[in-house]
Amino acid sequence: MNTLELTINGKVYAFTQGETILDVARRNDIFIPTLCYLKNASPTGACRMCVVEVKGARSLVASCTAPAGAGMDVQTESKSVVKSRKMNLELLLSSGSHDCLLCPSTGDCRLQDLAFRYNATGKRFERTKPKYQPDFSNPFLIRDFSKCILCGRCVQACKEVQVNNAIDYGYRGSDAKIIAKCDLPLGDSDCVFCGECLQVCPVGALSLKKARQKPRVCETEVVRTTCAYCGVGCQMNLHVKDNVVQMVNGVDAIPNHGSLCVKGRFGMQFINSDERLKTPLIRKNGELVAAEWGEALSLIAEKLGEYKEKNGADSIGVLASARCTNEENYLFQKFARAVIGTNNVDHCARY
Amino acid sequence: MTHVTPERLQEMQAEYAARISEPNIRHLFICGGTGCHATGSLKVKDALHEEIAKHGLEDRVRVVETGCNGFCALGPLMVVHPDNVFYQKMTREDVAEIVSEHLVNNAPIERLMYKDPQSKKRVPLFSDIPFFALQKPWTLRNKGIINPESIEDYIGREGYMGLSKALLQMQPAEIIDEMKKAGIRGRGGAGFPTGMKWSFAAQNDSDIKYVLCNADEGDPGAFMDRSILEADPHAVLEGMTIAARAINATEGYIYCRSEYPLAIKRVQIAIDQAREMGLLGENILGTDFSFDIFIYQGAGAFVCGEETALMRSIEGKRGMPIPRPPFPAAQGLWKKPTILNNVETLANVAQIMVNGGEWYSSVGTENSKGTKVFALSGDVNNIGLVEVPMGTSLRSIVYDIGGGIPKKRKLKAVQLGGPSGGCIPEDHMDVVVDYEEIAKVGAIMGSGGVIVMDDKTCMVDMARFFLEFIQEESCGKCTPCREGTRRQLEILERICEGHGKPEDITLIEELSEMITSSALCGLGQTASNPVLSVLRHFREEFEAHIFEKKCPAKRCPALVDFKVINERCKKCGKCASVCPVGAVEWKKKEVAKINTDICVQCMSCYSACPFDAID
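Protein chains in written order, with our numbering: chain W, 2 to 352; chain B, 42 to 656.
If you're looking for bench data, these hints aren't it; they were derived computationally from the structure. There may be inaccurate statements among the hints.
[Said to hold, decoys possible] Mimicking DSBU-like on lysine-lysine, the simulated pairs with C-alpha atoms at most 30 Å apart in a straight line are:
# : chain 1 : residue 1 : chain 2 : residue 2
1 : B       : Lys-481   : W       : Lys-160
2 : W       : Lys-56    : B       : Lys-481
3 : B       : Lys-590   : W       : Lys-130
4 : W       : Lys-124   : B       : Lys-590
[As the list claims (entries may be wrong)] Here are the computed distance ranges between Cβ atoms for each label pair:
#  : chain 1 : residue 1 : chain 2 : residue 2 : range
5  : W       : Cys-219   : B       : Met-644   : 57 to 65 Å
6  : B       : Pro-367   : W       : Asn-29    : 20 to 28 Å
7  : B       : His-540   : W       : Ile-272   : 56 to 64 Å
8  : W       : Asn-166   : B       : Pro-367   : 17 to 25 Å
9  : W       : Thr-227   : B       : Arg-365   : 36 to 44 Å
10 : W       : Lys-124   : B       : Glu-584   : 19 to 27 Å
11 : W       : Ser-79    : B       : Glu-550   : 13 to 21 Å
12 : B       : Pro-367   : W       : Cys-231   : 46 to 54 Å
13 : W       : Gln-18    : B       : His-44    : 43 to 51 Å
14 : B       : Glu-513   : W       : Asn-166   : 43 to 51 Å
Every value quoted in this text rests on a predicted model; they were computed, and no experiment measured them. Ideal placement from N, C-alpha and C gives every residue a C-beta, glycine not left out.
Make a model of the complete structure from these sequences and hints.
This is how it looks when you write it as structure tokens:
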């Protein structure tokens with residue numbers, strides 16, 4: 002079979018059948034800006050930011066949806082492409098309130114990055130007043146419609162990645178708005194608050210309620226870790242500042258490919274909780290008293306030994322935790338079988 | 042259920058011919074289109090029945106409620122057959138006279154006959170009325186003749202002969218070849234060759250394929266599809282079934298807006314009748330070919346006329362366009378190969394099968410074959426539905442068929458193609474109906490809406506109207522259409538309000554370029570056409586609004602200051618009598634004067650003045 006080739010910005014690149022122009026460009030580190038494109042979801046072609054010029058085509062072509070074709074001659078930053086992108090940005094920036102000074106996403110905003118790149122100020126048109134009031138009605142995230150660019154990434158993430166189908170476009174034309182069913186607050190809808198939408202929002206339209214403005218994501222240090230809630234082992238980035246986890250995002254890696262659940266994404270307050278146990282506690286005269294690990298472990302070994310001798314190994318049962326890693330749980334059942342000598346091993350997820 | 046046979050179809054034709062030409066029997070074809078219903082044709086029909094019974098004429102007169110006759114502005118209207126007499130604007134009160142004088146005494150009633158707007162004379166014979174005489178009714182061959190709720194009438198007029206031929210004598214590939222030979226192009230507006238569209242879908246293998254009919258007619262001023270569905274629903278069903286045979290489809294949907302209740306009712310009756318006679322459903326005409334059609338009612342979104350949005354809507358999703366490829370011929374409705382054709386296109390298919398592709402292509406221009414149906418409206422004498430051969434000039438449509446401009450005003454421009462089209466000024470009126478020729482002058486053929494505008498039309502305001510429509514109907518998905526058309530509208534609104542800035546024309550042009558080249562679907566890509574065509578042909582009007590703060594056509598209230606031209610004023614006082622705020626000072630035998638402090642620019646005096654003395 003002949004290799005398929007196309008030209009991008011004067012250089013020839015090979016591609017395989019089914020790849021889009023954007024796929025080929027990205028694979029070869031050629032920059033094409035996108036706002037609505039979402040990996041792992043079908044392209045919608047909504048934002049028209051990824052337009053490129055293809056020789057012979059009657060208009061500009063959206064590279065996220067246009068299949069690469071043999072012999073195509075593509076220009077990614079031609080004069081007409083840049084002009085179109087700049088006008089597109091001007092339109093987006095003047096619609097609503099894209100006020101970077103007060104936006105939690107400043108520094109982590111694709112619209113801001115592109116405005117800088119294409120020198121768009123949003124001042125060619127009069128700024129329109131926000132049509133819809135922000136939604137603060139749920140405990141997890143804020144929906145600020147005045148910053149929404151209607152790229153539809155949240156809709157794709159909800160529909161195709163998490164398959165919750167909780168949100169979609171509502172109303173028409175310039176009245177369009179991303180809504181949950183019947184335009185109800187998220188809390189009254191089918192939303193399960195996985196927060197996938199929050200993570201894919203390229204601007205500040207969706208922001209974490211807890212972390213609103215203090216500090217911004219761009220000020221935090223990223224620490225990669227494994228989620229401690231269940232055995233799936235989702236990979237996550239903790240956004241940390243002042244030794245406090247400010248925000249959590251999924252990492253695009255096995256097994257979760259960027260997704261998280263409501264617990265993994267929003268349930269991180271326990272890390273810095275004052276009520277968190279930091280030492281073992283031993284009940285002495287009816288009171289729980291802080292103890293050293295050595296003392297606690299010796300007490301456990303002593304007691305278990307006594308019970309085993311008195312009632313046999315099968316009088317003891319071992320209950321493991323879903324929040325341990327697989328390796329820890331392996332060791333724990335080994336401890337039950339080899340050290341204590343019982344098969345009474347079970348797991349908290351069954352209760 | 043009894044399956045009808047081709048032989049029985051022939052017999053039914055003969056029965057119909059005998060019925061319609063029975064001696065001493067009169068047929069009253071009273072128009073039952075939506076337009077005539079609105080003006081009271083049903084009441085007239087009831088009165089006719091009563092009066093006929095009173096005179097004991099039931100055996101000699103048959104009242105037939107037909108679909109839209111086409112001459113909508115003159116409704117309720119009726120044709121008396123075989124007398125060849127056309128009555129217009131009938132009322133219940135006229136009925137007694139019609140029956141006693143015409144039907145009993147054979148004396149047609151002159152005062153109800155058509156009056157030529159130029160010569161002011163009554164035209165006694167239906168076939169002499171230029172509006173009808175100059176048309177070529179191919180698609181509309183049954184309008185005003187058959188009862189759309191009677192399959193017998195349709196079969197009587199060669200109905201289902203095309204299907205019979207296509208099923209029993211032709212292979213699917215031959216059907217497509219015939220369509221290609223006919224050279225018919227999509228009547229929805231874009232003009233894609235129908236035969237080619239079918240051949241793409243035919244090539245794609247699939248256990249399920251769909252044939253869709255686009256009846257989501259949404260252009261302001263367009264009512265061709267509605268009238269066809271109301272007048273001849275079986276023609277569309279037959280066309281769809283032939284298309285299904287050509288691509289081997291199993292199911293069809295007619296996507297019709299719910300604002301067309303009469304069309305939906307008649308199509309449903311037609312579907313039931315066709316099923317009953319074995320012309321739809323399992324084993325059509327006794328062959329092993331099966332196909333069925335269902336109606337899907339749309340909620341009236343303009344964008345659902347766009348093919349991908351239409352399919353999403355049938356799937357139960359929000360009607361929003363999706364990018365192509367994949368094209369519907371490969372992955373359409375529910376990701377199965379699908380063809381989507383316009384009502385008018387499909388209504389032509391059966392005749393092409395009966396008479397052959399060469400017959401169809403014998404009429405028209407080199408690249409635009411056959412006939413085209415237009416909905417003629419606006420500032421024109423004969424408002425209604427017209428069908429002309431491709432190659433007819435716009436001038437002929439407006440003046441010969443349309444009867445010219447009322448009140449002896451001058452023609453300014455014609456808007457073709459609705460919100461996706463453009464205006465064609467008076468000096469280009471000789472352009473002929475042809476996809477490419479019309480595109481050359483900055484408009485598009487479109488689905489067939491023709492809005493005629495006289496010299497009192499402000500072209501900037503006209504562009505504003507279409508942009509307002511587009512802005513309301515944009516689905517809101519892609520940025521250029523959602524935000525760009527809003528800005529264009531904003532600019533035009535401020536120009537019309539007298540706040541236009543010198544840089545506005547450039548800004549509109551820049552926006553148009555961006556929207557046209559980067560919008561997702563056809564709605565956005567063509568949204569700037571009206572404003573661009575006005576800029577092309579009437580730039581000076583834009584400039585007058587912006588730089589001189591004047592509206593030359595006197596339509597934009599903020600830019601108008603009315604005054605009386607003393608030399609022209611005939612002192613009749615009409616202006617003073619119509620002014621609602623008492624701003625006109627007038628005394629008998631004196632020239633009127635307008636007090637601009639009181640004037641609210643309502644234009645009543647301007648419109649009322651018979652001498653154009655107010656400017």
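Hints, verified against the model:
For the given pair, Lys-481 (chain B) sits about 44 Å from Lys-160 (chain W) by alpha-carbon distance, which is inconsistent with the 30 Å threshold. Pair hint Lys-56 (chain W) plus Lys-481 (chain B) holds up; C-alpha atoms about 23 Å apart against a cutoff of 30 Å. Of the pairs offered as hints, the one joining Lys-590 (chain B) and Lys-130 (chain W) holds, with about 28 Å between alpha carbons and a cut-off of 30 Å not exceeded. With a CA separation close to 25 Å, the supplied pair Lys-124 (chain W) and Lys-590 (chain B) stays within the 30 Å bound.
For the pair Cys-219 (chain W) and Met-644 (chain B), the beta carbons lie near 58 Å from each other, so the given range of 57 to 65 Å is met. Look at Pro-367 (chain B) against Asn-29 (chain W): about 25 Å separates their beta carbons, and that is inside 20 to 28 Å. Separated by about 57 Å at the C-beta atoms, His-540 (chain B) and Ile-272 (chain W) satisfy the suggested range of 56 to 64 Å. For the pair Asn-166 (chain W) and Pro-367 (chain B), the beta carbons lie near 23 Å from each other, so the given range of 17 to 25 Å is met.
Between Thr-227 (chain W) and Arg-365 (chain B) the beta carbons are some 43 Å apart, a value that agrees with the proposed interval 36 to 44 Å. At about 25 Å, the CB distance of Lys-124 (chain W) to Glu-584 (chain B) agrees with the hint of 19 to 27 Å. For Ser-79 (chain W) paired with Glu-550 (chain B), a C-beta distance near 19 Å keeps the hint of 13 to 21 Å intact. The given range of 46 to 54 Å is broken by Pro-367 (chain B) and Cys-231 (chain W), whose C-beta atoms sit roughly 39 Å from each other.
A beta carbon spacing of about 47 Å between Gln-18 (chain W) and His-44 (chain B) agrees with the range 43 to 51 Å that was offered as a hint. For Glu-513 (chain B) paired with Asn-166 (chain W), a C-beta distance near 27 Å fails the hint of 43 to 51 Å.
Checked against the numbered hints above, the structure breaks hints 1, 12, 14 and satisfies the rest.
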